[in-house]
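Chemist: Next come the chains, spelled out residue by residue.
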Amino acid sequence: MPRPTKSRSQKAGLPPGSLVHIGEKLSETTKVTLLDYDGDHYLEKNIDHIEELRAFMDRQTVSWVHIEGIHDTRVLEQLGDVFGLHPLILEDILNTDQRPKMQDMGDYIFIVLKRFCNTCDEHSDITAEQVSVILGPKYVISFQERKEALLDPIRERIKTSKGRIRKTGADYLAYAIIDMILDSYFGILETLGEKIEIEEEALVNNPAQSTLRAIQHLKRDMIFLRKSIWPLRESISALERSESPLIQDATGIYLKDIYDHAIQIIDTVETYREMLSGMIDIYLSSLSNRMNQVMKVLTIIATIFIPLTFLAGVYGMNFKHFPELEWHWGYLLFWIISMTIAVVMLILFKRKKWL
Amino acid sequence: MPRPTKSRSQKAGLPPGSLVHIGEKLSETTKVTLLDYDGDHYLEKNIDHIEELRAFMDRQTVSWVHIEGIHDTRVLEQLGDVFGLHPLILEDILNTDQRPKMQDMGDYIFIVLKRFCNTCDEHSDITAEQVSVILGPKYVISFQERKEALLDPIRERIKTSKGRIRKTGADYLAYAIIDMILDSYFGILETLGEKIEIEEEALVNNPAQSTLRAIQHLKRDMIFLRKSIWPLRESISALERSESPLIQDATGIYLKDIYDHAIQIIDTVETYREMLSGMIDIYLSSLSNRMNQVMKVLTIIATIFIPLTFLAGVYGMNFKHFPELEWHWGYLLFWIISMTIAVVMLILFKRKKWL
Amino acid sequence: MPRPTKSRSQKAGLPPGSLVHIGEKLSETTKVTLLDYDGDHYLEKNIDHIEELRAFMDRQTVSWVHIEGIHDTRVLEQLGDVFGLHPLILEDILNTDQRPKMQDMGDYIFIVLKRFCNTCDEHSDITAEQVSVILGPKYVISFQERKEALLDPIRERIKTSKGRIRKTGADYLAYAIIDMILDSYFGILETLGEKIEIEEEALVNNPAQSTLRAIQHLKRDMIFLRKSIWPLRESISALERSESPLIQDATGIYLKDIYDHAIQIIDTVETYREMLSGMIDIYLSSLSNRMNQVMKVLTIIATIFIPLTFLAGVYGMNFKHFPELEWHWGYLLFWIISMTIAVVMLILFKRKKWL
Amino acid sequence: MPRPTKSRSQKAGLPPGSLVHIGEKLSETTKVTLLDYDGDHYLEKNIDHIEELRAFMDRQTVSWVHIEGIHDTRVLEQLGDVFGLHPLILEDILNTDQRPKMQDMGDYIFIVLKRFCNTCDEHSDITAEQVSVILGPKYVISFQERKEALLDPIRERIKTSKGRIRKTGADYLAYAIIDMILDSYFGILETLGEKIEIEEEALVNNPAQSTLRAIQHLKRDMIFLRKSIWPLRESISALERSESPLIQDATGIYLKDIYDHAIQIIDTVETYREMLSGMIDIYLSSLSNRMNQVMKVLTIIATIFIPLTFLAGVYGMNFKHFPELEWHWGYLLFWIISMTIAVVMLILFKRKKWL
Amino acid sequence: MPRPTKSRSQKAGLPPGSLVHIGEKLSETTKVTLLDYDGDHYLEKNIDHIEELRAFMDRQTVSWVHIEGIHDTRVLEQLGDVFGLHPLILEDILNTDQRPKMQDMGDYIFIVLKRFCNTCDEHSDITAEQVSVILGPKYVISFQERKEALLDPIRERIKTSKGRIRKTGADYLAYAIIDMILDSYFGILETLGEKIEIEEEALVNNPAQSTLRAIQHLKRDMIFLRKSIWPLRESISALERSESPLIQDATGIYLKDIYDHAIQIIDTVETYREMLSGMIDIYLSSLSNRMNQVMKVLTIIATIFIPLTFLAGVYGMNFKHFPELEWHWGYLLFWIISMTIAVVMLILFKRKKWL
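Protein chains in written order, with the numbering used here: chain A, 1 to 355; chain B, 1 to 355; chain C, 1 to 355; chain D, 1 to 355; chain E, 1 to 355.
Extracted from the complex, chain A is given alone in its bound form:
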């Protein structure tokens, strides 16, 4: 999982609104695509010059502009120019270190989302990526650094006119994007749930220091997820309550639906966190238990043999006057006494339930 805030300080001292890309550069080129549609009409187009978009702004159709690769600050500047975006918004899009949020700017609504992916990275680790969405009166602009098929299902639904999407406005498209992002959380939670199960198994069979590390790692993943889902929940709730004319009444129930999803994700994260805490307790107690086992073995062996060794030592002494040594059955008697002591000890341990 990604690390908390880093390299933000490189911007210290720059005036606010300075466009600097903060984050990994994940795609080589910047690709801008346009989807323009309404109930009857559908157009897909690659945009080479941002200025081409101006033509679509006045139409009554919904225009979806998708930018793949945001590291090119020049493209963003042009976009800001064409759509009248505030420099701080552009700065937030570039700063991929952002917390999920929703900001109503009057003319448009700016939404920052985090999406998670457990298959994007070949090291099989979870990766997070910032997806920014701008919802205007008749347009949606989405920004993503990674070249990826994340939003393809929505594009497909628009193309094939599946579901309500072609009959509704830009707000429904924005909702569909948020819904898609939220679905990525469920996948991550399943993956983490499976990892928790694996560690629980390990805890029963062979708890090792590495198990604890794995549990702590999972706990940290939970902190990370929670850190990103909590503000998302707030943002959705703010969207829902928002009285912005950009959001139609009919979209309300859909926002309520994804709000419920967010709550459910939070619930699951909290449940996992508590499960992991319980697992740490079990791990620590299993350490104590094993110590108890080790100590019992030592104590049993020592308690049986130390007295016997003393006895053998006694009859190894070289006193001149040593009556027992002369006895014919002395040696046999020694064994009888030794065995008796050993058996008595073993019975005592049995009674104490140490054996």
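Quick caveat, the hints were computed from the structure, so don't treat them as lab data.
Predicted model only: the values in this text are computed from it and were never measured.
Hints are supplied without guarantee of correctness; some may be wrong.
No copy is singled out in the list; a pair is fine if it fits within one copy or between any two copies.
As the list claims (entries may be wrong) - Here are the simulated lysine to aspartate or glutamate pairs, EDC-like style, with alpha carbons at most 16 Å apart: (1) Lys138 with Asp38; (2) Lys101 with Asp267; (3) Lys227 with Asp267; (4) Lys167 with Glu148; (5) Lys31 with Asp72; (6) Lys227 with Glu270; (7) Lys31 with Glu68; (8) Lys256 with Asp104; (9) Lys159 with Asp249; (10) Lys25 with Glu148; (11) Lys147 with Glu28; (12) Lys31 with Glu44; (13) Lys159 with Asp40; (14) Lys138 with Asp58; (15) Lys256 with Glu243; (16) Lys31 with Glu234; (17) Lys256 with Glu270; (18) Lys296 with Glu44; (19) Lys45 with Asp152.
Since the structure of chain A is provided, determine the placement of chains B, C, D and E on it from the hints.
Modeler: Positioned in the frame of chain A, the structure of chains B, C, D and E alone reads:
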């Protein structure tokens, strides 16, 4: 107890409102029954075609439609058609992974509940099931996957006109269903309370690693219960405060009553959680205690015999010039010294309260 | 202390408002007494037939009806009839498993209280009992299962016209009862405070597993008290803020006063809880400390004698060619070397502060 | 530090408003002093009969009545009479067990404060004392049990006309008293901060069970301080927001200032609490660390000598046929083998970083 | 990091508004500089007499007065005089022990900030310093004790007319200062993040008591940071919501932006805190683990050799009648038996996974 969120991801990418049943298929067939009643009148009927229900919609009587087995998405689609239900509501009914909630849709109120059962599963474990209720102006529709007699007592009360139920409207029927579900929590809490007692007993008599596991398991059950009762409480509270014309003023006090029940369940869950936390402390300290015991035994034995063994070793040495060995009472003296050392040690241990 | 929710499930399936007594039957008979008073007038009377009370309802005097022994559901039904009480209220009175609460029913206010007693039970344990109060325009009805002198001081104050009570209305009487109940908490807290002191003493002198159990027991008592005082606080606050005509303005300051008492009780409970948590830490560390002690003794003894025993073993060997054995001062030298080793070891331990 | 709630129960059963002094009697006599001042005028006077105060009530000057020694309930009754104080307020003044609070009684405002002193008690422990303040339109009455120079600086400021105090009303005087009390918290916090430093030192150098006890004691002091500063904060905030005509607008900024002080005290208390929690962790881990040290010493000694002792034992056996014993270099070989084993063991321990 | 509240008590007893500098004196002289600018005009000037500033107060340009070295109370008094500042505000500026806060005084807004620096102190530790800002209608006054280039980038931006700063009012300048301070937090968090990584490394490779101390130290730094960022967040939020005419609408979005930054800092601090808690758990469990290792070694050695030593002791006994000793293969048999015992033991340990 059921596992947290699973297999939700199978829906990722589908347009919202897609009807897919998420959850176990627990009954073979889908059975729809209708109860139509008012003060004077009572009708019970199995419904084969959902369309038959249209006839009952305009009557002034209360119509209770109960659907057993919700996996058949076709039946739900027809119901949605007849009663004008929003696709997202139908999706929520099918998705049995839902969090308890209350949603006022204007024409009808949608309520999701979780009921618990500790006798439904032959493995004697607790099972949870989603019960959805739709409260309309003159009708109540309830959905349940499992074929089970859960709501039979209410049916009986309607039939025999016991209590107020025949004199009241659909909102009272919905209340009666919620009340019935809440009662199932009390049963679960009693079962869990008994399990806690058993583990407390075990903790006193013979605390083992399995005790800790059992305690952690109970703790997890508590997390699970809490996760489901908290939103239920909120839902009831929302119902109570709701200004929906679907809820009559007279029903308010009944909703307040089940709200109190919900609070009491939460209280008990919290109490159990704190008790379980205390039990974990006791378990961990009993581990330390037993270790102390083991170590004391080892130390006593070792501390007494190690010096004696040394002494025996001394008199087993083969020095040519070794005056003590020549003495007539040497051997006797050895025993006297040894016994004195042992007795002194024992007295010291007694004083330190190790014996 | 009483156990959390039990046997509530026996009511599962009954229609709401069914009168079933849940709780222990603590008195044989049901006794109903009436106190009727105003500034000038005072009447005390045992009531055999609930119907007799109807006569007092229209008078301008304050009527206090006290019911001792609530298990007789017939008496309650009649009371409900005479005073027009809602069946759910009667159910709540009978269900002694209730959470403290305040419910404004318009015509009357229903208050559920928990009182505690540390002298009522011969097993010297703390017992809790539900006291329900109904405050009407000119009457107060109080319900209690146990036959006990709890409210006698109030009766006495009315009789002897001590304090303001005779000059005020029914709301002041209700306040006086709540105040009396709250005072019982202070007594319990003192008892628990003394028990905490005893365990603190034990913790210093001779911490045993039983000490931990006692601490955990006290902690549980705190949970239990808190569970009952928190809703009480809320109820008093609700009463205070209530705009019910049943509560006169002049009573406000008295309610504020008991609200302060409730807050103080909560504070004390929280303080005790934190003290008990600290005591658990001390207990656990004292276990580790004792283990350290035991291990040090073992290590000192073993570290001194094991090398010496080896040395003695060496000179007990039977090698043919063994120069030291032939030396005249060999044996003496052995002792000198042994003593030197022992003394050096002891000095080392002294330096490490193990002695 | 004072103990939580005690002996409150002695009042159980008395009617509310009964004047009983709860707390320690700290001064022998009751002394009442009056300070009457405005911008031009200044009068200091010892009051023997409370009735004398009536004369000052109508004047336009600010009258400050200070009562030292509140155990004399008769004086309080007279004061109540003269100034028209509610019996419950008088009861609260006498009950020094009170929680800090602010109560707006319309004609006057009643404020309960706790002041702390770490030099008042010769046992060098922290003592708490209740200071009650009544703020009327043109008068302030302050109550204190202990005979002490706490408020002398304010008296001095009035006398010498230093600061704004002579130009302002009674509300500013009340503010000055609260400010003085709050300053006593800073002193206590410094004392506690120094104690924490001492224990931190002890934790590094020689952690003992007594260190833990001291830490727990400090933690308890923190609980105690927090218990008293939190309600104080609320009271000041209530005063600030209060729309009482007794508080002039110009005093608002002063109240805001002491509110900030209260917040800062709370912050410091919370910081100290967290520091103490961290210290407990360090203490517990240092116990484990020392155990590890002890065990390592034992293990090293035992692991080196136990095999050697066995070897010596072997060559001490008396078998008739025992070739090694006959060898000329046998004994030398024994020492070579023994030393080799010992050295190998030491190297192994070195590698494991045990040495 | 600086210590919590100290030496505040030296002010106890002084009237409120007394100007006493609390904190370290970090610069020798007090330097007052003025920057006067608008879109077209720019003036930089060192001020020797505070009275010179009066001339700039009526101009329509923005005047930024920066005071370096606040220990000179005389300068502050003059400033208070010229700009009409309340004595309590001056007191707060001098008291560098202040909590971050925002106070709307009507004519001006007073803001207290904490800035952090990890390069200011040669001991490489983090230092905190109080920066106070007063925002008036056309002026900003900033106060700082340390002589430092902190605000130089802003001065530079004004000089070179970079960004929006020359086109905006005093409120934007105040925002720019707060933004600059907030950026210092990101730097600190990066430093702390790196330290956490170092300790995590140490935890894996060689956990020592010093590691725990370092973790606790970092945890304390977090407490300290949190203590200062939380009120900052509140202050920014209060500024944002403030309806003061001093803050123009256009500045709102900038305040929202730094509010987001504050939230992000809080998030990171919380994440670090949870990471550190997890590290403490890992440390403690690694102690137990190492103990387990040590005990296993001891137990294995002891369990193998103690029985063998007994056996050797047996054949070292001097019984007259001792058949085995006479046998020709006795000695060989002894070794065979010994080896068998040792091998069996080792196999047992292998099975228990101790080896």
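Chemist: State for each hint whether it applies.
Modeler: Structure-based check of all given hints:
no.	hint	in the structure
1	Lys138 with Asp38	within (10 Å within a copy, 39 Å between copies)
2	Lys101 with Asp267	between (20 Å within a copy, 14 Å between copies)
3	Lys227 with Asp267	both (13 Å within a copy, 7 Å between copies)
4	Lys167 with Glu148	neither (27 Å within a copy, 42 Å between copies)
5	Lys31 with Asp72	within (10 Å within a copy, 44 Å between copies)
6	Lys227 with Glu270	both (12 Å within a copy, 9 Å between copies)
7	Lys31 with Glu68	within (5 Å within a copy, 51 Å between copies)
8	Lys256 with Asp104	between (18 Å within a copy, 11 Å between copies)
9	Lys159 with Asp249	neither (25 Å within a copy, 43 Å between copies)
10	Lys25 with Glu148	within (14 Å within a copy, 36 Å between copies)
11	Lys147 with Glu28	within (9 Å within a copy, 46 Å between copies)
12	Lys31 with Glu44	within (13 Å within a copy, 47 Å between copies)
13	Lys159 with Asp40	within (11 Å within a copy, 55 Å between copies)
14	Lys138 with Asp58	within (8 Å within a copy, 42 Å between copies)
15	Lys256 with Glu243	within (15 Å within a copy, 19 Å between copies)
16	Lys31 with Glu234	neither (31 Å within a copy, 41 Å between copies)
17	Lys256 with Glu270	neither (21 Å within a copy, 29 Å between copies)
18	Lys296 with Glu44	neither (75 Å within a copy, 70 Å between copies)
19	Lys45 with Asp152	within (15 Å within a copy, 48 Å between copies)
Comparing the model with each numbered hint stated earlier shows that hints 4, 9, 16, 17 and 18 do not hold.
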